[in-house]
Amino acid sequence: MSEKIGIYVCECGPNIASRVDVDRVVEEIEKLEDFKDKELVVKKHKLLCSVEGKKFLENEINENELTHLICAACSPTDHDSTFIGVCKKTNLNPYMYKIVNIREQCAWIISDKERATDKAIRYIHSGMSRVLYQEPLYEKQLDINPDVLIVGAGIAGIEAALTLAGKDRKVFLIEKTSEIGGKSKKLHELLQRQGVTPANLKRKISKVKSNQNIYSYTDTVLENVIGFLGNFEVTLKNTKSKEQTEILSGAVVLANGYELFDSKSLENFNYSNSDNVFTAEEAEKMFKEDSKLTMRNGKEPSSVALIHCVGRKEVGYCSKICCSYLQKIAHSIYDHSPKTEILDFYKDMCLPNKEDDHFYKTLKRKSIDFIRFEDISLKGNSINYTEKSGLKKTTSVDMVILAPAMIPAQSTNTLKKMLNLELHETGYFQEPHVKINPVATNTDGIFIAGANRSPCGISEAIIQAQAVAGKISTQLIPGEKIIPEVKVSEILEAYCTGCKSCLDVCKYGAIYFDERRAISIVNEAICRGCGNCVGACPSGSIRTKHFTNSQLYQEVKEALRQGEQIND
Amino acid sequence: MCNKKFKPQIVGFLCNWCTYAAADLAGATKQEITPSLNVVRVMCTSRIDHNLLLNTFFSGSDGILVAG
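Going down the list, the protein sequences come from chains B and W.
The numbering of the first sequence is this note's numbering, which starts it at 1 and goes up by one.
The numbering of the second sequence is this note's numbering, which starts it at 1 and goes up by one.
Treat the hints with care, since some could be wrong.
[Said to hold, decoys possible] List of simulated lysine-lysine pairs, DSSO-like, C-alpha gap at most 27 Å:
| id | chain 1 | residue 1 | chain 2 | residue 2 |
| --- | --- | --- | --- | --- |
| 1 | B | 46 | W | 30 |
| 2 | W | 30 | B | 113 |
| 3 | W | 7 | B | 557 |
Simulated from the structure, these hints should not be mistaken for laboratory data.
So that you can see chain B by itself, here it is in the shape it has in the complex (with noise of 0.2 Å):
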């Protein structure tokens, strides 16, 4: 079959047609040297992403019974999908088609009409070449399952579960302590204010008890995952009886938590196991089983120090919730017994929600003893401090409470090489936009939500929960299908030699080895076509569909003859 390549260069209303003279373009085009033996069509339009613009290329594609089209208009990431939604309503492979980009790399870069023109044409010249070594792709269609696996049953696990499991969707919960509810189920109160009081967090509990359609799994962590958006085949592996459980499901959220910085590891915090020093933890223990705090002795204490910021310095960020979670141990102090001395030893106050300025104007006015500080150590109970002001003082107090800052779970570090996941440099899990993609990880279908990628409070991890179901239920809607990239890599088995370099810069997790026939292979599925592997291959034994060697070669040795006849 003789190749026919029809040449559409759009006006883009005056965008492109003031700084390019378009019925130059077509007329130089037609009379291309290089393809007198090609059939070519040449036209021009006015604005071909318009309605009646795709209605044109349509009728054209299908009348000239085109093999190739061109389209000389904007940048791809602007209209190179509606082109290929213009291809897919006729007979034309859509990779057999190629967006010329004469608006932002032509028209709107060169002041000079001439000069744009002649560029113009040069770059439509090689998207032409280039165009004919282009070979049809074709999409495929997966079945996808809907289900979701959830690492974690703290306040973010639960609340994805809660709203993920549906009729059609089934959610395995897994939990790797013997109950769920996580951290947050220890605490003995949640600042009211909020609205989330521990009864609230207790019904969502039992809601999780009673759905039939979210299957727990208490004492189990995470043993293997395989598979991509759609398909996971996961194994689940029960801490105590060691047995396996083999599950399939659709996508993971990760809400495997945090855990709290080791004070005891700090130089000048010197305290043992007799002292009256606590963590906020444990002292959330004390309220919680008899709504007041008690000495080592049994006996109340008269004067209480709060400590933010405890190993802040060492991890090096804040952990955003130790401020108001203080002072909320310090109104529970003040609430069972007011003639307690309160001392408050900050460095930074950090109250960025808008109940927290409440609670903080409520304290001054109980005349709590707010203390900036400098630099602060303790021997025991006794707590040596360099106030803002430079001024070093000693005082001692019946019981210190530490807020320890919040560091990454270990879990972490495990999920991240089992999942091929990326890390931030503080250990979080590193999101691919922290603000406009803050749910989601380097892979398809993979999630994160609550403190396992920065430290936040509950409501923010149900904030982060329910984005994450959100993005689940658009992605894997039951019944439906999913198309993967086209643009992918592949491996012609004759020439890999097995070395592994692909497998090692593969950021997507995408390649796998065959032990048996000893080459590397792609998973069509998860590969993104990025060709980070094509770079690495010593033998070229890789290829990236639709960004081919020949393909590149074609246009950049185009632009290059052409560019060397402009003389000025």
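Guided by the hints, dock chain W onto chain B, whose structure is given.
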């Protein structure tokens, strides 16, 4: 001697996600850029191997910009 001013031909391999987007932004803000830069979009600059670079030089390029 050639009297013509030397105009280097440069090929720019730009990453689809970052530098190509930046080049688009340069276009959208109407920055003046020399026509002797020929932009080739790739999905990721990690795809560029020595073969492609050498072939680009063999094709007559005076300089190559790999940005991503």
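Does the structure break any of the earlier hints, and which numbers would those be?
-> none
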